[in-house]
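Undergrad: Residue numbers (the working numbering): 1 to 219.
Simulated from the structure, these hints should not be mistaken for laboratory data.
Since this is a predicted model, take the numbers as computed values, not measurements.
Hints should not be assumed to be uniformly reliable.
Said to hold, decoys possible - What follows is a list of derived Cβ distance ranges for each label pair:
no. : residue 1 : residue 2 : range
1   : V111      : P40       : 21 to 31 angstroms
2   : N100      : E120      : 15 to 25 angstroms
3   : T194      : T115      : 19 to 29 angstroms
4   : P134      : P161      : 27 to 37 angstroms
5   : E89       : F157      : 16 to 26 angstroms
6   : G141      : M59       : 35 to 45 angstroms
7   : T195      : I92       : 18 to 28 angstroms
All residues carry an ideal CB built from backbone N, CA and C; glycine is no exception.
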Amino acid sequence: MNVIPFRPRPQAEPLAFAIGARVDLRVGALAAGVVRPIGPPEDAFAYSNLTRLIRGARMAWLERGAHAVLTLATPPEVQNTLEAEMLHEAAIEAGCTLRNFNFQLNERELVAAPTNLAEELRARGWNIVLRGDPDCPLPFGARARSLYCELVVQAPFLPDPFLAVDDGDRSPLGRRLLAAKGAGFVVTAESVLTTSQARTLAIAGFDRGGGPFAEAGLR
1 MNVIPFRPRP QAEPLAFAIG ARVDLRVGAL AAGVVRPIGP PEDAFAYSNL TRLIRGARMA
61 WLERGAHAVL TLATPPEVQN TLEAEMLHEA AIEAGCTLRN FNFQLNEREL VAAPTNLAEE
121 LRARGWNIVL RGDPDCPLPF GARARSLYCE LVVQAPFLPD PFLAVDDGDR SPLGRRLLAA
181 KGAGFVVTAE SVLTTSQART LAIAGFDRGG GPFAEAGLR
């Protein structure tokens, strides 16, 4: 009897990544790129792999003719195991500067297991983007204002145009946007699908957007 083994499913390379675009919702110009590792997070965020991944992302970004800031999205699975010094050294060795590279941290993990990762990265001069979580919002007081420069949230497909108006929407998202604008944060919609949605989000107080609407500009 001949035994034909199943062909093993190819594993994602540790250095595999995807770069998404974020655009200014008012003028449509490219505002930033977000780098997301595709391989297992534990492998991708090993120092040598991370350095090469960031360098590869920078080169791919420049080959697209893009010069906007790049943001590295840290996976929630490994965020609380990461050290600021390692992230700092990996970014520097990859050729990044404080002006052209940011780190994105997940709010849920910051609340669930408080660490000094954000403080230590900020102390080294890096800008921190906060990936918001509606179930565990951080207060946007003086501490948050000193740490974060941008809030990324999942926006509704049909938002209320008065979300971020003082006497307008009083939903949790509306209050959050109002607080973020008051703190001076850039407010970004994680995914924007259509031009119509982008226009309404801009009226509602969002500054930037990602997803299909943003990606269309890179094709």
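Undergrad: Each hint should be assessed against the structure and marked as holding or not.
TA: Each hint tested on the structure:
| no. | hint | in the structure |
| --- | --- | --- |
| 1 | V111 / P40: 21 to 31 angstroms | holds, 25 angstroms |
| 2 | N100 / E120: 15 to 25 angstroms | holds, 20 angstroms |
| 3 | T194 / T115: 19 to 29 angstroms | violated, 38 angstroms |
| 4 | P134 / P161: 27 to 37 angstroms | violated, 20 angstroms |
| 5 | E89 / F157: 16 to 26 angstroms | violated, 41 angstroms |
| 6 | G141 / M59: 35 to 45 angstroms | holds, 39 angstroms |
| 7 | T195 / I92: 18 to 28 angstroms | violated, 39 angstroms |
Checked against the numbered hints above, the structure breaks hints 3, 4, 5, 7 and satisfies the rest.
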